[in-house]
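Chains as they are written, first to last, in the numbering used here: chain P, 1 to 378; chain R, 1 to 378; chain S, 1 to 378; chain Z, 1 to 378.
Possibly wrong hints are sitting among the right ones.
One copy or two, either will do: identical chains are not told apart, so a pair holds if it fits within one copy or between any two.
[Claimed, not checked] The calculated lysine-lysine pairs, modelled on DSBU-like cross-linking and capped at a C-alpha distance of 35 Å, are:
(1) 10 <-> 362
(2) 45 <-> 88
(3) 10 <-> 192
(4) 323 <-> 5
(5) 323 <-> 360
(6) 311 <-> 45
(7) 135 <-> 2
(8) 12 <-> 2
(9) 135 <-> 5
(10) 317 <-> 88
Keep in mind that the hints were calculated from the coordinates and are not lab data. For clarity, every value in this text was computed on a predicted model and none was experimentally measured.
Protein chains: 4
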Amino acid sequence: MKDLKLAGSKSKRSLIEVGGVALGGQEIILIGGPCAVESSIQMQKAAAAVKHAGGKILRGGVFKPRTSPYSFQGLGREGIDYLVRAAKENGLLCVTEVIDAQSLAMVADEVDLLQIGARNMQNFELLKLAGKINKPVILKRGLSATVEEWLLAAEYILAAGNSQVILCERGIRTFEPSTRNTLDLSAVGVAKELSHLPVIVDPSHAAGRRDLIPSLSKGALAAGADGLLIEMHPNPDEAVSDGPQSLTPEQFIALAQELRDVAQSVGRIFVSGERAETLESLRLEIDRIDRNLIESLADRMQIARRIGAQKRLDRVKDAGREKDILQRLIPLAEDLQLSSEFVKKLYALVFEFSVQSQIKSKLTNEKDLESLCPLGSK
Amino acid sequence: MKDLKLAGSKSKRSLIEVGGVALGGQEIILIGGPCAVESSIQMQKAAAAVKHAGGKILRGGVFKPRTSPYSFQGLGREGIDYLVRAAKENGLLCVTEVIDAQSLAMVADEVDLLQIGARNMQNFELLKLAGKINKPVILKRGLSATVEEWLLAAEYILAAGNSQVILCERGIRTFEPSTRNTLDLSAVGVAKELSHLPVIVDPSHAAGRRDLIPSLSKGALAAGADGLLIEMHPNPDEAVSDGPQSLTPEQFIALAQELRDVAQSVGRIFVSGERAETLESLRLEIDRIDRNLIESLADRMQIARRIGAQKRLDRVKDAGREKDILQRLIPLAEDLQLSSEFVKKLYALVFEFSVQSQIKSKLTNEKDLESLCPLGSK
Amino acid sequence: MKDLKLAGSKSKRSLIEVGGVALGGQEIILIGGPCAVESSIQMQKAAAAVKHAGGKILRGGVFKPRTSPYSFQGLGREGIDYLVRAAKENGLLCVTEVIDAQSLAMVADEVDLLQIGARNMQNFELLKLAGKINKPVILKRGLSATVEEWLLAAEYILAAGNSQVILCERGIRTFEPSTRNTLDLSAVGVAKELSHLPVIVDPSHAAGRRDLIPSLSKGALAAGADGLLIEMHPNPDEAVSDGPQSLTPEQFIALAQELRDVAQSVGRIFVSGERAETLESLRLEIDRIDRNLIESLADRMQIARRIGAQKRLDRVKDAGREKDILQRLIPLAEDLQLSSEFVKKLYALVFEFSVQSQIKSKLTNEKDLESLCPLGSK
Amino acid sequence: MKDLKLAGSKSKRSLIEVGGVALGGQEIILIGGPCAVESSIQMQKAAAAVKHAGGKILRGGVFKPRTSPYSFQGLGREGIDYLVRAAKENGLLCVTEVIDAQSLAMVADEVDLLQIGARNMQNFELLKLAGKINKPVILKRGLSATVEEWLLAAEYILAAGNSQVILCERGIRTFEPSTRNTLDLSAVGVAKELSHLPVIVDPSHAAGRRDLIPSLSKGALAAGADGLLIEMHPNPDEAVSDGPQSLTPEQFIALAQELRDVAQSVGRIFVSGERAETLESLRLEIDRIDRNLIESLADRMQIARRIGAQKRLDRVKDAGREKDILQRLIPLAEDLQLSSEFVKKLYALVFEFSVQSQIKSKLTNEKDLESLCPLGSK
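Next up, chain P with everything else stripped away, as it sits in the complex (with noise of 0.2 Å):
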């Protein structure tokens, strides 16, 4: 695509940082809140359970584009407020839409990010003007946007002068009935190809229905997504718009925890929030890790002892390999707040038993296991 001359450089993939936040990068980035801004109590509930979650960024809208021109149109002013002061309160950076020059005017000083919407994804004039700012812009992909489309208008923001573009995949228009919109998340895949700006995804607007958010979640994050913005509201029943898709707190919070794991088994980090502090959650959670310890632990066991197999018998010890993998470990357990001290110990137990293990197997599986009795005489 030549004319992607910007968005499809493949030199390096963008990190986009803001506020101590890096989108791009190993970590997952999680985005929640209310699709509107409706209150200041609603923000401040809603600040507090993205930051429980392990949330970095609040959203909100107070710019709203409704299909309606009956429907509520969102606070503008007021809401920005509301929104800002609920996420400097909890620690959060935040994000809200524009949908043209005066809103975008008025939002640019206020807010961490902006965010384009879907239905403004080929609004060439407020791409132009989004491209002049100096904050990262989310752009949304339209709703019947091809991939190449979705990345020709980030290249609009880019060429304007403004290198911080974060794709947002959105579901796309189809004829299936049961979601609002399917979620496309071969687009992450392609996205990531054709260009190196980071990916997000939102489930909620895709699916339209809150009981399919934390599958699609973990889907999105499974498939390489860089982030999710996930909508939620501390009353979904009240919400003036999107109720139906936007999780509770706790729902929210619940699937962050969730989420750790699928980011960490494609090798990202999710660090979800604080965790709930019972004694009993904090006890379950050490059974879950407890149970993770052994499975992994067997498994390092269990390849080791292939390793052994390719071996003679008194190659089994390696002292250098033993070196080696102690001195990448140290310096990670101390970045963990892991005793260095307690590092060495274990993995002194661990290499132990592993030649322990390798030398039974091998003897084991060993035909002439019997004439070898002299151990190690081979």
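Once you've looked at the hints, dock chains R, S and Z against the given chain P.
Positioned in the frame of chain P, the structure of chains R, S and Z alone reads:
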């Protein structure tokens, strides 16, 4: 949906068992193989790769529904033999597509599962025939079928007497040109909400391009799929059909290994096959496990510190809890061939450092740190 | 499209003749009848209405491919008799859908044309069977088939030996909910550009609602369709299927009358049936003709004035041209049972007033109007 | 649809009048011109062709919303002058697309109608601005907008105070690759059923290819469109945009002439432009009208005979009815500059031969013809 009399029953999820393989349970089932059976050698190679990867079922088409009458239409009778023999010799089950009464009669006693393709999803006469045999049927979603129509197609098979239906999402037709079809991962959740039948995903036909298969396969598992149907060919460049979307055996095996962690992250199990036995690859695997171990232990210590924060200093050490933990972990370790002696020594270490870490943390956090000098003297 | 070896030949357009009816020629062919054959009396009423409207072919399904296994599946054998008898007794041909080898064998010798439905467009085994019989086949476009795939499906039938294929556009799946499917009238032009086969249009299944049928039927003819396949039921409210999209006999007959002019406007012929014989309806028809007569005569006079503007005043009257005109019109009038004496008197009038009108116009337009006073003395 | 407070009112259809042109009435309005204004000479040639064809409005884009930021973005200010001057000098109105507040302000006082493009259909801020000016607005349907969303977008303009909205269907996004978009002619009927606003059709953007324009234009008129918006360029091969879908001036003029009959066939009027003024072409036109006259008169006589068949012989002549007919036709004739004296003489002839024909027919048909020898004795 009132007409889902059988498919819509919610009493319990279906578990479809065939030849020792259970679809719809906790285990993820991997199905692989070429689009079309071409030769005995091709199927032998494909089967070996499926086995190696941890797959359970070999696929291969012998009756090919092709868009053009001048395209290769499949080997028929001869192909069945290649498919069945390759599966048997590698300890796999096999599945092939049927396209009419005649082909169904020809393979019903030969293969372990039947497939009804997307283009025949509403070939109701074929569905009725498939309802009269006693083999599981993989029913692909039509290119433009709604989830409801897909389930009603399954209902045809169920109503005719065959309760063993496995749904397979394979992408729907949309306007997006960068993929052959658009994989609809929402359909997994919707189909599971409306029905008790297992749902697997075929990312190959959806994407139509090899490079997206890993991303979509992981996305599918994380979104809740019960299995994957992936095209793999010993030599994709010479495949008579669907070469561009087929993985090589190496790519297939590599992907399978990545699936294990994703499955685990959503509480499922996928036992990937024997790993490639080079010393280097085994060591890379150990390195990966070691990193995870350190990260998990760091998590464990952090949670322990939180628990500690809720206790009096003299209650941090809790011998009863430690004993409980070991009593749960030792049987698990033994199941996994992990030495119980090792586990005991390991956890002695873990408990020791955990207590240390908790105490240190408590003291640091206490406002009256100074007055406690004797304790924090370390 | 290289694989359209037979369907793509451009030497000349196909004319498919069956029982005195030619599809693909200048004449527009109207096919009507209920979705499903329900009873003898229903088919008799439907056939009478088709005949009355000027239709040539009676449709009615006896094997119904239904989305749900619990919906009415057709009368089968019994229904064929009702369909065939009703057609014969009303001097019509008949067509019914076949869905598999068995149904095809059952009807091949009974009906005049076969239909392959949208859901079976890529049931390639059925296409091959349809290629082996000697009856015209109406091949409906699949719900999400591209025009190319549709033509390749036709190619299956042609390649198997049956050259009598009639394509039928019936709407495609899109996101638009106000119609059941979206009628794709571009497909008429595209299919005719790529192929020599006749193309007819089924607006009923596309719209799924009765009120749009007249508009879409006229649109289809004007866009170049060779015929129309329209659902009509003696009592739509009690139809076992597709009632909401079925016209009543009265609506069907009324529509047919409107089609005549549309066909003629694009150089095609449709002979609508006997008009309803109430005095009132006949007079309304005469009123319509009278208005057209006046408008056409006004056009004629205006053109005549333009011709006059190019001639010298003394050459406006052109007896030779007048004679030529009469010599062409009198045989035409006689063919149409119009009195030649009447035509002669009529054109004497037309010529007289035309000359008057031209002269008057010339004089008005001449700059030297005043100097010409003697001539303009009227 | 409760939110269509203004667009959904059904009291009467909107007639939008601007500069002597009425959209939404019986007359079909043809709009033509290039996608983008490129030069003064280009617009002069385009305007001359529009005029020649009978078009009423010249189109030309000066602010171009282009998918790529590196494509030609329009001439802006300079282009407006070319457009406006070309329109004025050829006695046409003109329309151009606006894309934001600034472009709207720049053209609002210059052009006769504004256009809001498909990509801006849900640019609600632009819609609100368009609602505050006093010019008709052509509102194109979005690429994936439902008819309901399209009407709600119109409602934004109406609710802001501008009642002059003309809807324009221009194709929707589907999977079909042979056309750029899929023209949805059902939308014409649906929009007219739900709303009183005029609906025009743009076949050029839908098809994306020149060869389908005639077929789709005729289809659109027959389906009920109130007008057509067709791209035409003096030299399509050198057009900066949309060349492949632009007609040449010759093709545009030729199409316009074909539209006249289609419009008439559905009770509408399209006065195609000045015909080529050669004696030969004018005479060919008269010959065509003469054939139609004879055919219509033959039809009239045939219907009259049917009426006659329902009456007693002495009631065939019906002076009251004859008088009624003349009273209706004479004002129509005068409107069309047809001499009333001519009409009276003409209908004297028509009535005379009609009565003769009826009597003759009655007598021929009577079984007891011989016994009735004294005419009228029944």
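Here is how each hint holds up against the structure:
no. : hint        : verdict
1   : 10 <-> 362  : neither (47 Å within a copy, 48 Å between copies)
2   : 45 <-> 88   : within (13 Å within a copy, 60 Å between copies)
3   : 10 <-> 192  : within (10 Å within a copy, 40 Å between copies)
4   : 323 <-> 5   : neither (46 Å within a copy, 62 Å between copies)
5   : 323 <-> 360 : both (23 Å within a copy, 29 Å between copies)
6   : 311 <-> 45  : between (60 Å within a copy, 29 Å between copies)
7   : 135 <-> 2   : within (26 Å within a copy, 40 Å between copies)
8   : 12 <-> 2    : within (18 Å within a copy, 42 Å between copies)
9   : 135 <-> 5   : within (21 Å within a copy, 40 Å between copies)
10  : 317 <-> 88  : neither (55 Å within a copy, 38 Å between copies)
Checked against the numbered hints above, the structure violates hints 1, 4 and 10; every other hint is satisfied.
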